[in-house]
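Novice: Here's the letter readout for the chains.
2 protein chains.
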Amino acid sequence: MNLDALFNAKSIAVVGASSREKTVGNDIVKNLVTQGFEGKIFPINPKIDELYGIKVYHDLTEIPENIDLVVVAIPATMVPEIIKQAAAKGAQSAVVISAGFKEIGNLALEEELRNVCRQNHVALIGPNCLGVINAQNKMNASFAALMPQVGNIAFMSQSGALCTAVLDYAEKMSIGFSKFVSIGNKADVDEVDLIRYLHTDPQTKVVALYVEQLSNAPEIIETLVELNKGDNPKPVVILKSGRTEAGAGAIASHTGSLSGGDNAYEALFAQAGIIRANTIEDLFNFAQVFCKNEQASFEKIAVITNAGGPGVLTADGIINNGFKMADLSEDTVAKLKAVLPPAASTHNPIDVLGDAISDRYRQALELVVRDPGVEALIVLLTPQSMTEIKETAQAVIDVMAAYKQETGRKKPIVVSFMGEKTVNDGVRMLQAADIMTTTFPEPAAASLAALSRFTAWSKIPVEAKLTYNDVDRDKVETILAEAKKNGQTSFPEAEALAIFEAYRLPILASALAHSPAEAKEVCERLGASTRFAMKIVSPEILHKSDVGGVMLNVTAADVEQKYSEMMTTVASKKPEANLQGVLLVEMAPAGGLEMILGVNKAPGLGTMIMVGLGGIYVEILKDVNFAFAPLTRSDAVRMLTNLKSSKLLDGARGQLPVDKEKLIECVGRLSQLVVDFPEIVELDINPLLALSDKALVLDGRVVIE
Amino acid sequence: MNLDALFNAKSIAVVGASSREKTVGNDIVKNLVTQGFEGKIFPINPKIDELYGIKVYHDLTEIPENIDLVVVAIPATMVPEIIKQAAAKGAQSAVVISAGFKEIGNLALEEELRNVCRQNHVALIGPNCLGVINAQNKMNASFAALMPQVGNIAFMSQSGALCTAVLDYAEKMSIGFSKFVSIGNKADVDEVDLIRYLHTDPQTKVVALYVEQLSNAPEIIETLVELNKGDNPKPVVILKSGRTEAGAGAIASHTGSLSGGDNAYEALFAQAGIIRANTIEDLFNFAQVFCKNEQASFEKIAVITNAGGPGVLTADGIINNGFKMADLSEDTVAKLKAVLPPAASTHNPIDVLGDAISDRYRQALELVVRDPGVEALIVLLTPQSMTEIKETAQAVIDVMAAYKQETGRKKPIVVSFMGEKTVNDGVRMLQAADIMTTTFPEPAAASLAALSRFTAWSKIPVEAKLTYNDVDRDKVETILAEAKKNGQTSFPEAEALAIFEAYRLPILASALAHSPAEAKEVCERLGASTRFAMKIVSPEILHKSDVGGVMLNVTAADVEQKYSEMMTTVASKKPEANLQGVLLVEMAPAGGLEMILGVNKAPGLGTMIMVGLGGIYVEILKDVNFAFAPLTRSDAVRMLTNLKSSKLLDGARGQLPVDKEKLIECVGRLSQLVVDFPEIVELDINPLLALSDKALVLDGRVVIE
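Those sequence lines, one after another, are chains A and B. Under this note's numbering, the first residue of the first sequence is numbered 9, with each subsequent residue one higher. Under this note's numbering, the first residue of the second sequence is numbered 9, with each subsequent residue one higher.
Hints should not be assumed to be uniformly reliable.
It does not matter which identical chain is meant; a pair holds if it fits inside one copy or across any two.
[What the hints assert, rightly or not] In silico DSS-like links for lysine-lysine, alpha-carbon gap of 27 Å or less: (1) K429 - K38; (2) K398 - K38; (3) K630 - K652; (4) K398 - K429; (5) K146 - K429; (6) K581 - K570; (7) K670 - K655; (8) K398 - K412; (9) K429 - K30; (10) K543 - K483; (11) K30 - K398; (12) K581 - K63; (13) K493 - K92; (14) K237 - K412; (15) K345 - K30; (16) K180 - K398; (17) K668 - K18; (18) K630 - K668; (19) K582 - K467.
Note that these hints are calculated values from the structure, not bench results.
My request is simple: use the sequences and hints to build the entire structure.
Specialist: Spelled out as structure tokens, the structure:
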């Protein structure tokens with residue numbers, strides 16, 4: 009895909025250029041002509057000759073040279089033809105602003121557009137979008153009025169309307185962008201394509217997205233693992249709407265896309281190292297923290313403040329985000345005591361007191377930034393009458409620059425000069441010096457958390473997917489093929505267990521017997537000292553225990569006698585039933601923890617594995633975790649350790665800890681099964697009995713398409 | 009307390025007035041003289057004669073008339089004497105800016121100051137504070153430079169430094185205040201006194217507080233229930249820092265006050281109907297929503313938007329805050345279809361599309377606001393090139409005013425014109441018309457939730473505290489008096505059960521027996537068909553079951569024989585033990601749900617009752633709730649229904665539901681016990697067995713001071 013022809017187009021045709029103001033076709037030409045773009049612009053309109061001082065062509069064919077990009081704002085049905093014409097003029101990329109495709113149910117037209125673009129090697133953004141801006145070359149190929157300042161955030165939005173609000177907000181907040189893309193219906197180019205391209209864009213440090221729906225989770229995971237566990241990790245921050253069902257409903261009517269449910273997105277984001285933002289403000293705070301800091305993974309943060317209350321609020325934020333308040337070294341504390349007034353707090357949060365002028369901040373910061381126990385910093389300032397706003401900003405800038413000079417590294421920092429007009433000059437200075445600022449301290453810790461977590465994730469080496477060579481794929485293939493032939497889609501207990509057994513999921517030993525002698529033979533073969541549950545086998549009997557068709561704790565020694573007893577009892581209670589024999593199943597060990605494993609399809613996204621504790625935990629507490637297959641070992645570990653009741657796995661209340669390795673293996677084999685057989689749409693293993701030395705699949709079911 | 013003399017002082021002395029700029033003593037005089045205060049100002053300084061154009065007195069006694077208020081900014085040790093002098097000049101109120109009291113360990117000096125004030129009937133704000141501002145009469149008796157605009161929020165802060173940042177922020181956000189109080193160390197006047205006063209202040213619609221620590225939870229609860237369940241409810245919104253232990257630690261070193269722990273504050277806020285803010289931004293959003301709307305309790309919200317994406321984000325916020333998306337009536341939908349373009353969404357969220365000009369907003373809003381199924385509204389706007397910012401603001405203003413005209417009531421509404429500069433004119437118009445605005449839509453739903461929840465709480469009638477007339481208070485008094493005499497502070501099982509029994513908490517029937525015959529007699533008395541646990545009674549035997557000293561399922565029929573058997577067995581295993589007899593306890597019924605009740609003191613706040621499910625629920629999931637004694641029935645119900653695993657009480661997984669009335673009674677009797685005996689500092693009932701027809705205290709312990 010040639011996205012370079014899009015972002016670095018030297019010549020652009022605008023089809024649907026209009027002389028009527030406040031129309032899309034007028035705005036695009038105006039934005040291209042008046043905002044500093046230095047390439048060639050060819051507006052197309054059969055009825056006019058000039059617009060914003062440049063020549064208007066009546067037709068694409070009239071353009072005297074080749075074009076790189078065509079921007080289209082004409083009625084939907086005419087778009088595919090225009091793409092063909094543009095391709096004939098050399099266009100390698102297209103931005104289709106026009107609406108009237110998938111979002112109003114015109115799936116066929118969208119399909120046609122996609123095909124035309126792909127056949128002609130035209131990379132397509134849209135349709136149904138606001139357009140594309142490249143802040144570096146001042147190319148505003150959109151109908152948004154504002155050209156953002158140049159920065160390091162590449163922003164993509166599935167909502168065009170949100171783009172205009174974001175541009176307006178960004179101007180006020182001095183947020184700079186590299187690329188700004190309204191991705192619309194994503195008929196061709198989607199987020200993954202753009203992320204791949206932006207990864208090679210030296211101007212982009214972080215990718216921020218607003219999305220309503222994503223597709224193909226395994227591809228997203230694979231791409232981001234490949235790109236961001238390499239030597240040039242570029243974080244992706246996503247604000248995903250439709251978390252709730254009502255929200256998701258609104259999306260469905262809005263873009264015709266289906267929500268994958270929030271569990272699915274939580275799983276996807278964890279596996280792909282995507283940073284999730286919960287609000288628009290978070291989205292830009294999290295993006296900013298990566299632009300203004302070097303990537304770093306850390307846990308100990310120091311706070312320097314001239315106000316106790318905000319210092320405490322910040323400490324709360326640090327702990328709530330999973331960090332620790334840094335303990336200052338004795339040496340630092342002693343030196344702080346020497347330079348700060350007696351009433352100051354020389355323990356973290358370091359309170360330089362309300363009457364601190366810039367020198368006190370400077371001295372404290374110089375000591376604290378060099379403390380080896382301080383891995384990151386939050387500096388707070390409230391404007392008191394003696395507070396030196398600009399001088400304090402300069403002190404922060406100087407000390408951090410000197411530290412970088414000395415060590416070759418920036419130390420992560422977020423500064424909150426609290427307030428608005430009074431502190432504004434200082435805030436501007438900090439921003440200009442590439443230091444992240446927030447109006448209030450609460451978002452500071454959350455932003456540092458995004459920085460640290462992504463960095464930590466990116467440093468975990470790429471892991472192989474869990475696979476096992478001893479699985480009997482052919483056997484499952486046979487079972488499923490047979491079932492498909494018979495129109496069978498559901499596999500209850502015994503048949504499901506056969507599928508699990510083929511993938512070496514640990515099940516209880518069992519065998520059929522058709523006579524007392526055979527029953528004895530089976531028991532001896534499966535284990536002379538083993539206890540068995542004996543169950544009647546008869547197509548006419550559904551509720552076995554009601555007719556005396558279940559006996560527990562049977563052994564090889566007494567199985568012959570018990571077999572005969574059972575036949576007599578059942579025959580007397582259900583004389584019409586055809587008694588074929590018995591199933592002898594090893595008795596499950598006493599104790600252990602009942603768990604549940606499952607499989608679910610997230611529409612459009614992929615197949616998820618679910619892990620949870622069984623019984624009330626899953627039914628009442630919904631204590632389950634998801635991950636998309638195929639899984640790595642880390643995915644399986646995270647699913648287990650992130651359970652709210654995970655302490656039970658470690659042996660709470662006097663129990664032995666369960667064998668987690670065996671659980672991980674079960675999860676891994678299940679992942680392999682559903683990857684090998686994507687026709688499996690639903691699957692439950694319930695219960696999976698977790699014991700101190702093994703795990704056992706006691707029951708389950710499988711459903712195929 | 010005469011807080012009117014404070015806020016409406018006609019004459020103010022400033023002790024510690026200074027001619028040196030950027031000092032506290034200079035700022036206060038400057039602020040009083042230059043910001044429009046029309047009363048008399050008497051700066052006091054022995055060394056100067058004039059300041060900011062007014063006469064400076066050398067001594068309080070020199071002032072030729074009486075004063076209402078004295079503002080003090082001189083070294084701490086001199087303050088009590090100055091208060092006496094001021095009182096002699098008629099002062100009924102004092103604001104002590106000076107630091108150097110409790111916060112640096114000078115408890116005695118603070119105590120002296122308090123005593124002097126109380127003896128002289130002077131209401132004291134501070135010490136160690138920034139001062140007091142009354143925006144109505146332009147009295148800025150503080151060293152904060154900005155006079156806030158007049159509005160309906162009374163703001164109080166335990167952090168003086170935060171005040172200056174808030175004033176700066178408020179100016180930018182057009183947030184207006186009635187009173188603005190830095191409460192400092194709260195040596196005399198505290199939040200409760202101020203809330204009581206502000207409740208009578210017609211200018212104040214809502215009280216917003218930043219606090220680090222509160223005291224006396226029952227008093228706060230009682231005051232707010234009395235004031236806010238009356239005919240003039242005024243919401244209190246609190247930002248409480250120190251939620252985490254590190255945060256709490258920082259407070260301890262900062263103000264010398266102890267944190268009550270976050271569970272305690274959660275309980276207090278729920279019982280007192282206090283709205284909790286998690287961030288500074290929330291604090292002002294929640295306060296604003298009450299200033300700009302009439303109080304209302306509701307659940308169905310409609311969203312009108314010109315952008316699908318933000319509409320979905322808002323729907324998410326609505327659901328996450330416990331509301332419902334309003335279903336529009338068929339009539340409304342039909343009328344919307346008639347006025348909106350075909351591509352618009354006429355279902356909630358109502359999408360008027362990106363090209364909507366003001367008329368489309370006006371028409372949609374006119375229909376939606378009158379839909380009987382719409383109880384509140386959120387209106388969103390993203391600035392597109394054709395969007396009419398000011399005209400749309402005017403449309404919202406007009407429609408809401410007309411609705412108020414028609415119905416006599418305002419319908420709750422929050423408007424988010426997303427962005428900054430482009431939308432600013434519209435935002436200002438909305439603010440001027442008393443319509444609440446937010447920059448992004450996410451805080452809108454949370455703010456409406458604050459409005460609705462407080463209103464709903466305020467409408468629940470005042471409830472009596474749970475009390476029972478059949479308790480035997482004398483018996484507990486005797487038990488505790490006896491224990492105190494012997495220096496005993498801890499009451500294990502049997503003694504604790506005696507205390508519980510006196511308060512008619514349901515315990516199992518039990519009695520001592522000292523011979524086989526007596527044992528038989530006891531069994532027959534307690535229930536001829538009842539099964540008992542028989543336990544050896546011997547001061548030398550701690551682990552009864554190790555020596556055969558516990559037998560289960562004993563009945564009247566076999567108790568004589570079992571008694572003899574037990575004596576023989578125990579005597580043979582523990583020959584040195586003095587066997588006094590046995591305790592016969594009714595066997596607990598099988599099944600049921602193990603719960604836990606407890607009592608805990610929150611330092612400074614009061615005694616809390618705890619309710620939870622036992623076993624793993626309390627140990628691993630920490631699924632417990634707290635409330636301060638004395639409890640109402642609603643408190644007890646809330647503690648039970650807010651348990652994460654409360655569905656278990658309703659009979660999950662085929663169990664019968666437990667008898668909640670009996671649980672409520674247990675909680676109520678426990679509340680009465682700890683109110684009657686405040687010396688009880690710790691108490692556990694574990695387990696409390698909850699059954700379908702009763703609850704049973706099986707074991708417990710009590711600790712007194």
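Novice: Go through the numbered hints given earlier and state which of them the structure violates, listing their numbers in rising order.
Specialist: Hints 12, 13, 17, 19 not satisfied by this model.
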